[in-house]
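Once you've looked at the hints, dock chains B, C and D against the given chain A.
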Amino acid sequence: MISAFLFRGLAGRIAWVAAAIALIGILVPLSNLFLTPEHALYVPDYIVSLFGKYLTYALLALTLDLVWGYCGILSLGHGAFFALGGYAMGMYLMRQIGSRGVYGDPILPDFMVFLNWKELPWYWYGFDQFWFAALMVLAVPGLLAFVFGWFAFRSRVTGVYLSIITQAMTYALLLAFFRNDMGFGGNNGLTDFKDILGYTLQEPSTRAGLFAAAAFALCLALIISSAIVRSKFGKVLLATRDAESRARFLGYRVEHVKLFVFTLSAMMAGIAGALYVPLVGIINPGEFAPANSIEVVIWTAVGGRGTLIGPIVGAITVNLGKSWFTAQFPEYWLFVLGGLFVAVTLFMPRGILGTLSDATGKLKSLGSGKATALVQDPADASELRKEGEAS
Amino acid sequence: MTLLRALLVCLVTLVLSSAAVPPSMADDLQDTINALADGSLKDRAEKVDALLATGDPKVVPVLSQLADGNLYVRKADNRVFLTESAGKNFTLTDPVSGEVIPDINKRTLDKIKANNSLRRQIRDGLSLFALNSPDPAKRLEAAETIFKAQDASALPAIEARLAKEQDPEVSAFLEEARAGLVLSSDASESDKLAAIDVLREKGGRQVLSMLTAAAEKGEGAVRDAAERAVVAIERVLAIWEGVQNIWYGLSLGSVLLLASIGLAITFGVMGVINMAHGEMVMIGAYTTFTVQQVIQSTAPGLFDYSLLFAIPIAFLVAGAVGFVLERGIIRFLYGRPLETLLATWGVSLMLQQAVRTIFGPTNKEVSNPSWMSGALDLAGLSLTWNRIWIFFFALAVFGLLFLLLKRTPMGLQMRAVTQNRNMASSLGVRTPWVDAFTFALGSGIAGIAGVALSQIGNVSPNLGQSYIIDSFMVVVFGGVGNLWGTLIGALTLGVANKFLEPFAGAVLGKILVLVFIILFIQKRPRGLFALKGRAVEQ
Amino acid sequence: MSSKITKIAAALALTTSLISASAAFAEDTIKVGILHSLSGTMAISETTLKDAMLMLIDEQNKKGGLLGKKLEAVVVDPASDWPLFTEKARELIDVNKVSAVFGCWTSVSRKSVLPVFEELNSILFYPVQYEGEESQRNVFYTGAAPNQQAIPAVDYLMAEEGVERWVLAGTDYVYPRTTNKILEAYLKAKGVAEEDIMINYTPFGHSDWQTIVSDIKAFGEAGKKTAVVSTINGDANVPFYKELANQGIKAEDIPVVAFSVGEEELAGLDTAPLVGHLAAWNYFQSVESDANAEFIDAWHAFTKNDKRVTNDPMEAHYIGFNMWVKAVEAAGTTDSDAVIDALPGISVPNLTGGYSAMMPNHHITKPVLIGEIQDNGQFDVVYETAGLVPGDAWSDYLPDSAKLISDWRAPLSCGNFNTETKECGGKGN
Amino acid sequence: MTEETNQMTSALLYLDDVSVSFDGFKAINGLSLTIEKGEMRAIIGPNGAGKTTMMDIITGKTRPDTGDVLFEGKMDLTQHDETEIAQAGIGRKFQKPTVFESQTVRENLELALAGNRGVWASLFYRESEEEAAKIASILETVRLTHRANELASDLSHGQKQWLEIGMLLAQDPKLLLVDEPVAGMTDAETVETAKLLREISKTHSVIVVEHDMGFIRDLGVKVTVLAEGAVLAEGSLDHVSAHPDVIESYLGR
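Chains A, B, C and D are the protein sequences, given in the same order. One gets my numbering by counting positions in the first sequence from 1 and adding 1 to each. One gets my numbering by counting positions in the second sequence from 1 and adding 7 to each. One gets my numbering by counting positions in the third sequence from 1 and adding 14 to each. One gets my numbering by counting positions in the fourth sequence from 1 and adding 67 to each.
Okay, chain A solo, but in the shape it has when bound (with noise of 0.2 Å):
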């Protein structure tokens, strides 16, 4: 069954996308490590980690959208669970360092030995195991999300005040990671990682596994992803997006409909945060700025929202470019960065891949098939509208 529910994933355009990152994902660390540096088609290292770090951008970019794009749920909180998916294998990594640290203690890690801690904190272990700590990924967002989502949800909270919340969460989350009471390194976080499952981090063979490994992982979400729109679930998506309570008095449980999504779209940030980790080799609490969920969702709105491939080309088209602005034009990148955003937001609304279907007027095969992105959020509008009356 599952199968099946995958194989549905995989019609159209999104074939080939998950293939051509599939490809990616074996034909650039092969290149890097078997070609020489003179070969034309030779991948560099800076190029491998650089695009590794874009790849789990997309990935997470691409578990916003699908609860935003897909199910109108405006999360200013995504990079939470990014950061928690990326603590908790920053944990394991800790961990295998074991006695290689500065100060040689076999358990502890160096952040708590010179801070004078005596022994390890509860939550910490289990975290030595890797089948333990990847668990954790999937489990410590997930279950954030399933709670956080529960009471939301429930409540009825939604628009911009599920919006607001959500980034209190993480603005929450971030000044308690923050406090080296916590046990998570402070503001330092967890750094220094020599190895992953026997791999020596710095070494680019790792790092081009990594690559793979960031690059299947963007491949299978994106199946996931598309399966899950394409099945009568993601047309309940999107009526939910729509018209929430029309669905409501259709006999849809709503709730129940969004702690889904919500709560899926989450664990796979975790892992996007897990990948992200090992390739960057630091986490630490500035993952949890609220500065950095709002760059995601712009990422998503960038690309084009409901469209499953855009998020993709969002993530990696505005990394890219804050990338080679930050080297070609230190002093004046954020007014290039800044107007793009007007730009696109403005001539753009449907982002890139809106746009670009627009133009080649392919508007109905697009994503997930005949159901495309509507940009307006209807409900969002109408709501805040009203409330101006309130006043």
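Keep in mind that the hints were calculated from the coordinates and are not lab data. Glycine included, C-beta positions come from ideal geometry on N, C-alpha and C. Possibly wrong hints are sitting among the right ones.
[Unchecked claim] Some chain A residues close to chain D (C-beta under 7 Å, calculated; not the full set):
no.	residue
1	F8
2	R9
3	A12
4	P107
5	D243
6	A244
7	Y253
8	H257
Same frame as chain A, now just chains B, C and D:
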């Protein structure tokens, strides 16, 4: 040093009785003053004591200028002068003869440095001089300084003054200062008991520590009386602490109110998720900086009124930016609130970078005018003036805005347009202009907030970012679109924060407040002040 | 589909063209990377350091460059975003092929780039005072370690001001935590009682100091001479000092000694009410020496602004840059291994009128100065250590760190040699 | 079973002395109403009479302050939310046509089709032939077969109204609440709609809220007049339009 002080006290009384100073003493004084310039900081303490010991009133300006860092030595002949800055150069005054030498280049002079302990020594020493000043305010200050310094050798001087003092207020202070010294001396039991009574009346933390020490050392009746006084004072202090906490909370609340009130218009009333709101506040703060710079270079006399100029200018500047923003971007996005989030985020990045390019990345200095400096000491409370002004300023801004929205045709049109654009438009309201002016109003108010916030925090390109999240929390907590909600929300969150802070710490306190907001929104999904009924839904 | 592939291909092409473009004119210059945030929260401090580096490179080029080649600065903006630091460090070394990087301010940014410098074997000069507890082969620490700032400051307060009661107030991150741990241990060793030490942590950018300042005031009114040791960071300082001034806490009563407040931070404040509060650094702009006067003049000329202040981290870059130049000249190459080996033992003039030397633990020797804030936004030096203080990578006051030493010279070549087990830790497999 | 409860259970919908107020304003004030199985009832009343609020109460969107609301004699509607009530068999058409604009007409019906509404069920749902046939027949009924694969947003106003009615049919409820079905329709469409509703009422119980008197007359059913949140009169249209109170409060204006 105590011995010296005793000697000095005798001398002061002596000098005061003798009318004129013989010329030979003047030469001595000149040498003693010139000696200040030699040697290291450590040696200077003895020289200051020597000067104090002369008891000559002429040393008073010398020492206070030394403490203020205005005492210089002429390199050419090692003579020490009082100085006054006159443009690029100095005007020198000879401390003994009073001779004035204008227009001296700074490079020919060396500053005589002082450090904290020296300054303290001078302050305490000069307080004995000031005790006999004709100005009651100075005597009062001196009595207070002596009380704080707790130097037993000052006792005779106080008693001498007390015998002559006419001003009842100064007398009371002198009594307290005397009581403090008596308590730690080996005076009789009855004297000490009387001193405890005086101190108990005074109250406060310093008295508390004095009495605690007395209770530990003393015995019998003195100990009992001191212990009783300690308990009484502690009780009073606890009450004041509570009051103080409420004030801190209200003050924080007023800052939150100022930061969020503009947002209550642009976001609350108009539905624009205005991420550039913080930058409007920032623009207001930079306007204040610019205004102060201009005033300082053109009319320094008006400096104390700089904020009065800054408020309307900041309103206009931020309002104009808001106007352009609305006309240029926002107006294409009505009905798409979430899109406004993206566009205004982009705008906020650009505005930050613009300020960074124009003014540089570092903090800018915005000074408090004199009427906003210092604190008001009210019974057990110490309320800083800038916070008091900001509190009332926030309420005033709120009140004016409220009147504007509810009582003027402009406000009526604004409400009409935001409630039903089509209907308003068909009734002849020029909706595009109303939109633009409403947004400009919200931005302008954010600018005004910037003027006030520049008085308590950083003025840097990051200023806006530090307020934006809190502002959204306040508006959402209070209920979008409801000005009262914003007011009550801001004050509630401020007070809650300050009551959590003492036992949870600043960080955990803030986290708890955020968690509280999240839970509160579950209970009231539309904030504190939300209308019920059909109109709000759908 | 096809559009997608074109897009990715275009992206790759863009990046590779970028690489080749920057590599094209690389041959006849020596490149120096500057890795300081020009936007985001840290821009406020770091932008100045970028300017200082540009000036130093410019001056060196006027002197004829290095090894007969011109120096070329490569400036990037890591935007106060720590993972972006990693990316930019890799870009500087891998793509731009810089010979050395001068950069980072926060500990976390340094920690983020450490693995990159180790892996790609390049050189980082880190100019900011920090918590110590680190010594890495590829990093040279030109800022102060805790023993070059905190401990002399506390000694001064005890001896000169007779302080008996201490408030340790800091921002909640690693530098204040570690410094305060060290100070607490040190104070207790000096016989200060537990109840005479108050420790308080606040979040980054804390702006409402009413409660804490009034707590400090209350703590200071208990009869014993009290001082505040502040490791409060960056943005939080301005509101903190404004609150101190307004609540009337005078330096004569409760002096505050800060380790993160320099001329640059004071530029955002009216310092008149703060006269007498202290800071401990290894350099102040007001230091009277020929080298300093020359440096300040050059700085004013370079920035075309005679109000721009100088500060301690700038001096650290001045020292670090000159050390690097000297080491490259000594090694005759910019090759990382050669330069790393040449650096220890190199001694260059500092701006306070003496010489600073690079030590085998990759920290440098510096004088420690204590300054009091003046009403013109400058510091008056009120105390200076008799000699130079060598930077200590591993603090003697933390039990686990006391047994470690660092020496990167040949036989030992280890950043954290455990003197008890006689083993070098943290060396991978 | 007593006679009284027997009578109650025989009624499909039973409202007794229901009141609700918003911020002091009594929207519904002691309203009592009974709908029998298979009955079609028209409800009229001036603006603010509480018609929509009554529907909100029946469908669980608004909780009444006092009073009983029973469905099929046993289900206390005040204790359930919209989803449960919809699943129990009460369908609702909104005043403003509310369809899923970004989905096709066919998908709209597919979503409304009776069946398991659970998350897992809809994830792994596959349409059966039977269901396809049902959708085809509804498309036929609401005259939208030729536009089945177009986006709902492209439909005209009247067609959206019909699509919504079609969705109600697909949902196959025991009771349909229809709020102003002909608002904004052309005369021809209005006549068609009346025909459609009469057809539906053969197999379903229906409550229609409407302003259009001609339309009510076309329906030819029992009429309840609401005013100020309570029942003013009940009976045939002719009967109620003769009622003096009704004339004063509604028709007479």
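Okay, the hints, checked on the actual structure:
1. Here the hint on A/F8 is broken, as its CB sits about 12 Å from the closest CB of chain D, past 7 Å.
2. With 7 Å as the threshold, the beta carbon of A/R9 stays out of range of chain D, its nearest partner Cβ sitting at about 10 Å, so the hint is violated.
3. A least Cβ separation of about 15 Å between A/A12 and chain D goes past the 7 Å threshold, and the interface hint is therefore violated.
4. For A/P107, the suggested interface contact is broken, since its CB lies about 46 Å from the closest CB of chain D, more than 7 Å.
5. Taking 7 Å as the C-beta cut-off, the interface hint given for A/D243 holds, the closest approach to chain D being about 5 Å.
6. Interface hint at A/A244: satisfied, since its Cβ lies 5 Å from the closest Cβ of chain D, which is below the 7 Å cut-off.
7. About 5 Å separates the beta-carbon of A/Y253 from the nearest beta-carbon of chain D, less than 7 Å, and the hint is met.
8. Here the hint on A/H257 is kept, as its CB sits about 5 Å from the closest CB of chain D, short of 7 Å.
Against the hints set out earlier in the document, violations occur for numbers 1, 2, 3, 4.
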